[in-house]
Amino acid sequence: MFSTGFTFSTSFTWNDLLFLLQGAWVTLLLTFWSMLLGTFMGVSCGLLRALLPRATIPLGWFLDIFRSVPLLIQFVLFNSLKSIVGLDWSAFTVGCVVLGVYVAAFCTEIVRSGVLSVPQNLRLASRSLGMTYWQDLRYVVMPLATRVAFPGWLNLSLSAMKDTALVMWIGIIELLRASQAIVTRIQEPLLVLCIAGLIYYLISLVVSRLGAQVEKRWQQND
Amino acid sequence: MFDYTFQWRTALRALPDMLEGAVVTFETAALSMIFGVLIALALLAMRETPNLATRAVAGTWVSIARNTPALFQIYIVYFGLGAIGLHVSSWAALLAGITFNNAGYLAENFRGGLKAIPDTQVRAARSLGMSSFQAYRLVVVPQLLRIVFYPITNQMVWAVLMTSLGVIVGLNNDLTGVTQDYNVRTFRTFELFALAAVIYYLIAKLIVAIARLLAWRLFRY
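Here the protein sequences line up with chains P and L, keeping their order.
Under UniProt numbering, the first residue of the first sequence carries the number 1, and numbering increases by one thereafter.
Under UniProt numbering, the first residue of the second sequence carries the number 1, and numbering increases by one thereafter.
Derived by calculation from the structure, the hints in this document are not laboratory data.
It is possible that part of the hints are untrue.
Stated by the list, open to error - Residues of chain P clear of chain L, computed beta-carbon distances all greater than 12 Å:
#1 25
#2 36
#3 146
#4 161
Said to hold, decoys possible - Not the full set, but computed from the structure, chain L residues with beta-carbon under 10 Å of chain P:
#5 149
#6 152
#7 202
What the hints assert, rightly or not - Just so you have them, the derived chain P footprint on chain L, three or more residues with Cβ under 8 Å:
#8 75 to 85
#9 129 to 136
#10 191 to 197
Everything numeric in this text was worked out from a predicted model, so none of it was measured.
We put the CB at the ideal spot given by N, CA and C, even for glycine.
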């Protein structure tokens, strides 16, 4: 059963690697859709939180719930709620929605602090130059806030990518679950898990490198 | 469309056991934080040494902890170590996995905190006749603690939330584990997990409140 000495033999085949890569693709898809959903909601909620701080305090409390309850439990809860209400959603959709709302809760704070980092004087100056409220938001606040919020957003997308591992609980075969399936067949957990880990690591590396490139390009104009 | 009757009584009957589970959850998280902070300090020291090998070890630890899912790290301990003949219980695997994760994140936070303390302060302390250790203990660490206090609190909340992953490797006495145990017996998934969510929320808020109180007491000056 075990390979002895220095010979390296494994039952890990190319098909298994392909299966893992398919899992990685599901992981990426989940990350993409949940980030899209989460960013969209997060930017709108974050802007609201920053521009109308008093009126949106309840929204802050509401989003705080998602940050204080384990994601695994959110998945289980929403999945059972789906059955109770009778929604005919696939597990993938449920995964995207729950992860998207979770991302939105964090994205809101990132966007809010980005918008608040724009000095009030700058906004007053742009208003006194004759810009309207929306022009001020669009041409002054947005570009500056984006630069501040971007690193946080990038970190968030990496953590969303890692959090997709939890969707296995509601029955989606993503990267980690795929590695589990292979482990049960060929009984070489360390090897298979290391390959899965390497794939996660590579995705993180590529995304953070790309992000660093973007940041560098933005800094040229500062 | 909506013909489901909620049965909160089932969930409430499970409450005493779940609260016991909550204690296990909290203890696990606290233990992982204590070990995590100690290892993070060690990693911080290792990264400052001129020795390339120790720096590489610390760097690898931090980057693996930060770039792979926490669940993967728990899996490596639980299934991976089992493969080389080191069988660990679910709880030990969970604790080791979270500690590994915490240490990596905290080490990065500490490094940021250390950077925020001007180098000149250490030199000033040394020129006042303090030894290197004294300078660190009396000048750097108190300030570092103040800077990293908030990240540590955050990480503690994270640790509590991460303990919920134990159920995936078969842990059955922490909050999520107990809840899942009741769930497979009664199939009142929504009610039970909603209650668990409330308890997790309260634990998280409790930690934040205690941290605020501590910060108010500790950092008055």
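These are the hints, each one checked on the structure:
| no. | hint | result |
| --- | --- | --- |
| 1 | 25 | holds (16 Å) |
| 2 | 36 | holds (20 Å) |
| 3 | 146 | holds (23 Å) |
| 4 | 161 | violated (8 Å) |
| 5 | 149 | violated (19 Å) |
| 6 | 152 | violated (17 Å) |
| 7 | 202 | holds (9 Å) |
| 8 | 75 to 85 | holds (count 7) |
| 9 | 129 to 136 | violated (count 0) |
| 10 | 191 to 197 | holds (count 4) |
Checked against the numbered hints listed earlier, the structure breaks hints 4, 5, 6, 9; every other hint is satisfied.
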